[in-house]
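*Asks:* Below, each chain spelled out in residue letters.
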Amino acid sequence: MFSTVVSGAVKGIQPYLMQVEVDLADGLPMFNMVGFMSGEVREAADRVRVALKNAGYPLPPMRITVNLSPADIRKTGIAVDLPLAVGILCAMGEIDDKSLKDTLILGELGLDGEIKAVSGVLPMTTHAFKKGYNTCILPIDNAREGAVVRGMKTIGVSTLSEVVAYLKAPEGDRDMMIPPTCVDVDSLFRDGNEQYEYLKGLDFSEINGQSAVKRAVEIAVSGYHHLLIVGPPGSGKSMIAKRIPGIMPPLTESESLEVSSIYSVAGLLKKGESLITKRPFMSPHHSITESALVGGGMVPRPGVISLAHRGVLFLDEMTEFKRNTLNLLRQPLEDRVVHISRSGGSFSYPADMLLVGAMNPCPCGHYPDLNKCRCSENEIARYLGRISGPILDRIDICVEAARIDVGELSHTNQCNESSKEIRKRVLNAMEIQKKRFAKENIRFNSEMSPAQIQKYCVLGPKEQRLMENIFNTMELSARAYHKVLRVSRTIADLDGSERIEARHITEASCYRMTDSKYWKKNTSSPEKISFGIRERRRA
Amino acid sequence: MNSEGKYAYMLHNVPGIGNRTMFKLLEHFNNCEDICRAERKEFSGILTGKQINALEKLKCGWDADGEFEHLYKTGIDFIPFFSDKYPEKLKTIPDPPFALYCLGDMPDENKPSVSIIGARNNSEYGRYAARMFGERLAGMGVQIVSGMARGIDGIGQEAAIEAGGKTFGVLGSGVDICYPKENEVLYDAIKSYGGIISEYPPGTQPKPQFFPPRNRIISGLSDVVLVIEARQKSGTFITVDMALEQGRDVFALPGRICDSLSGGCNQLIKQGASIASSPEDIIEYLRCDARNESDNCSGGSDENFDVKETGAEKVAQNPYLAQLNDTQKLIFAELDFYPTTSGMIYENVLKKGFEIGVAEVMNVLVELCILGVAMRNGAGFYKKI
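Here the protein sequences line up with chains L and U, keeping their order.
Letter 90 of the first sequence, counting from 1, is numbered 89 in this note's numbering, and no numbers are missing.
Letter 62 of the second sequence, counting from 1, is numbered 52 in this note's numbering, and no numbers are missing.
Just so you know, these hints were derived from the structure itself, not from any lab.
There could be a bad hint or two in this list.
What the hints assert, rightly or not - Mimicking DSS-like on lysine-lysine, the simulated pairs with C-alpha atoms at most 27 Å apart in a straight line are:
no. : chain 1 : residue 1 : chain 2 : residue 2
1   : U       : Lys75     : U       : Lys63
2   : U       : Lys197    : U       : Lys223
3   : U       : Lys14     : U       : Lys49
4   : U       : Lys75     : U       : Lys181
5   : U       : Lys14     : L       : Lys371
6   : L       : Lys97     : L       : Lys129
7   : L       : Lys371    : U       : Lys79
8   : L       : Lys371    : U       : Lys75
9   : L       : Lys115    : L       : Lys130
10  : L       : Lys461    : U       : Lys374
11  : L       : Lys423    : L       : Lys438
12  : U       : Lys223    : U       : Lys260
13  : L       : Lys10     : L       : Lys52
14  : L       : Lys115    : L       : Lys74
15  : L       : Lys419    : U       : Lys181
16  : U       : Lys197    : U       : Lys79
17  : L       : Lys461    : U       : Lys319
18  : L       : Lys371    : U       : Lys40
19  : L       : Lys10     : L       : Lys167
20  : L       : Lys371    : U       : Lys223
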């Protein structure tokens, strides 16, 4: 009178297999659940009892003990209804436990025996397949998710009686009864262009003007450099940002699996959706809380930065975000993964996204148009100070968006480059980087360490001199040195040039303005005046 | 006089007794010592009860000799109205300050002084003009008086010091308090190459209501008031009004009609202010003024001007400007005194029908920066003059 059913659960986005063990014994009728679980998991007992009754299998008056193993991981926010129900039926002898061999069962039950979708199916089935389980019984709404795993036989079920009937049927008749769900994964990735269908109406050709910003975006995407767009209100910052996924390369299958796993855990995969094939674009409102941004909560959930994994995280009105919230980005931007430690354990969520920030140049937004802007230097300094230095440090490219003339908007006959054309160049640049970093553990120029910069960004004597010149005249900080080199490497790649040339460096230095004094309406530098005094003393 | 000084200093520290009341008291009692020794009832009709209380309270805890000694040790000069160090120019203005505090020197009365004033929130054009006027006027021996504020004031004074001239900062706080804080370096420099002047006792924190009255000292100490940049509604006009009331001549720097920062200046010109198209305009005026005076009095005062630098040829032309290549010239022509974004410059060049890439525009812009003919800040590139 004992049975074991294999189900799965996730910790963070780390899946693990969970054994649902059921024992029926003589004694006072009771339903006892053990295995380090939280209250909402324990509620499964009542659902299962009613669902079984309504499906025509009333619980026997026996002492029922259920154990969720492994017992050292706290189970919270998971659904064990269907595996539990199947386990009880198995222990009752209704189902032969041989029919459960190498089978993974997931699902939540309604009181009427209906099977409802659960989250985290994709990582769990992937994991189970690796562990040797080749069949899975999933809620019908999750079936396409599980079917993505090649070689896994996925059975989508919608009611409890269906499951029982299926498991009772002889091996050979089963496929007739419920044909396994199939998803042609290759077709999802075969034709790259189809992936961009959803971006219709979000093409770069619709943007007139702002060529400098477009250029900066192209460079940023090519080398995976984080980007900050500064411009007055209505200059098209958000418009441009929304079009960035369209010039990124199509998601590869492995990337898609990563992204889909996160969405699956977060329960954000749409009904019947198998894989996420488009680059994520997340644009959280600036009132976002800390745990919503990086993940966390009582039952840890991936935050917005993880949902933007392999895609774009767009922070509009970046200065309006709470300083603390923004500062949480420091570590994920560096490590491309976010570690969250809570009393329930530590979790890691991938967070490899392209950060695109947009902000106004001053509180009123009109600087440098002094006819409109009355912000004092201090006000501007305070405004900019809302983004902390360490965050700015991680942003390689900063570009100014100009105010748009109405005349420019009405030019409809302008032939702007389409996203497709830009994407072609981006892909070329990425190809070059892929070859270059084949033996390194990085993929993009933006990830180069100082040692790697020294290796891959070799400057000739002429370029070296130019670099020094730029640093002296443009008052760049030493920190900016590596950034300029990384960005110039990307510009050279876009150019198809083996060496970094002077023009690449000059352009790269154009994208450095977050350094130190930034706006300085007045350049009254103490050094200069004290220098003047020294000169005078000498005279 | 010394004992008068210490009593005047004591009276000047009584909170709640204003400048005019001080003169009323002095008129009634004739000297400060008597005021300090007077009985309560003697003040009736001149001071209010509150003011008398304040005076009595101060008298209790004030060691006249000690405090004066202390002031002397800090290096701050106390210059009451009746002192012979008190500037003649201020004696004739309406509502002259009862006393001045000074760190450093007082302006030389025999030398011409010009005050350079304007908006705190200046444009690059204003910055250039304030520098140029400050530098050239100071170079010709003119003393620059201003308020050491952010923007035009500070820039003009800084330029004067760099040019080796003298400059005087009139503060709206005690002379020992540097306001605004970011001008600390300038403050220290003015102490050595001119003087910090204030009518408020040392230790007085700056308050908004202190600034309009200090403007009358700025204009009072100068022969000419030069307005560099001001909006139509600007605090600068307080100084201008004071200057006119005091009979000082006002010069205004003309600007473009589309720049609101020049709106006030253009308005002044419309109302009859003199046009400051070059520092020579002001020198010329000062020289005429001096000649008129010397006709009335005796001796020439032309030697007060250091005329050896007439300066017209000294217009700071960057030598690289002549060496620019065609593309650089093309891009340079698009630059303005206001920062313009690289994208905007690119569009403008395109509109003119030139074939050029946006990346190339950026390259040229950085080249111009390296050559020193352009500058950049966070909002874009602008022309350097």
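*Asks:* Against each hint, give a clear statement of whether it holds in the structure.
*Replies:* Now the hints, each set against the structure:
About 19 Å separates the Cα atoms of Lys75(U) and Lys63(U), which keeps this hinted pair within 27 Å; it holds. With a C-alpha separation of about 20 Å, the suggested pair Lys197(U) and Lys223(U) falls inside the 27 Å cut-off, and the hint holds. In summary, the hint linking Lys14(U) to Lys49(U) is supported, as the alpha carbons are separated by about 19 Å, within the 27 Å threshold. A hinted pair counts as satisfied when its Cα atoms are at most 27 Å apart, and Lys75(U) with Lys181(U) qualifies at roughly 18 Å.
Of the pairs offered as hints, the one joining Lys14(U) and Lys371(L) is violated, with about 47 Å between alpha carbons and a cut-off of 27 Å exceeded. The suggested pairing of Lys97(L) with Lys129(L) holds, with an alpha-carbon distance near 21 Å, which does not exceed 27 Å. A C-alpha spacing of about 39 Å is found between Lys371(L) and Lys79(U), which places the hinted pair above 27 Å, so the restraint is violated. For the hint linking Lys371(L) to Lys75(U), the alpha-carbon distance of about 46 Å lies beyond 27 Å, and the restraint is violated.
The straight-line distance between the Cα atoms of Lys115(L) and Lys130(L) is roughly 25 Å, inside the 27 Å bound, and the hint therefore holds. For a cut-off of 27 Å, the pair hint linking Lys461(L) to Lys374(U) stands: about 26 Å separates their Cα positions. For the proposed pair Lys423(L) and Lys438(L), the alpha carbon gap of about 25 Å is at most 27 Å, so the pair holds. The hinted pair formed by Lys223(U) and Lys260(U) meets the criterion: a straight-line CA distance of about 15 Å does not exceed 27 Å.
For the proposed pair Lys10(L) and Lys52(L), the alpha carbon gap of about 32 Å is over 27 Å, so the pair is violated. Between Lys115(L) and Lys74(L) the CA atoms are separated by roughly 19 Å; this keeps the pair inside 27 Å, and the hint holds. Proposed proximity of Lys419(L) and Lys181(U) is contradicted: the alpha carbons are some 64 Å apart, above 27 Å. A C-alpha spacing of about 26 Å is found between Lys197(U) and Lys79(U), which places the hinted pair at or below 27 Å, so the restraint holds.
Of the supplied pair hints, the one linking Lys461(L) and Lys319(U) holds, its CA atoms being roughly 23 Å apart against a limit of 27 Å. About 47 Å separates the Cα atoms of Lys371(L) and Lys40(U), which puts this hinted pair outside 27 Å; it is violated. Proposed proximity of Lys10(L) and Lys167(L) is contradicted: the alpha carbons are some 33 Å apart, above 27 Å. Taking the CA atoms of Lys371(L) and Lys223(U), the gap is about 14 Å. The hint holds against a cut of 27 Å.
Of the numbered hints listed earlier, those contradicted by the structure are 5, 7, 8, 13, 15, 18 and 19.
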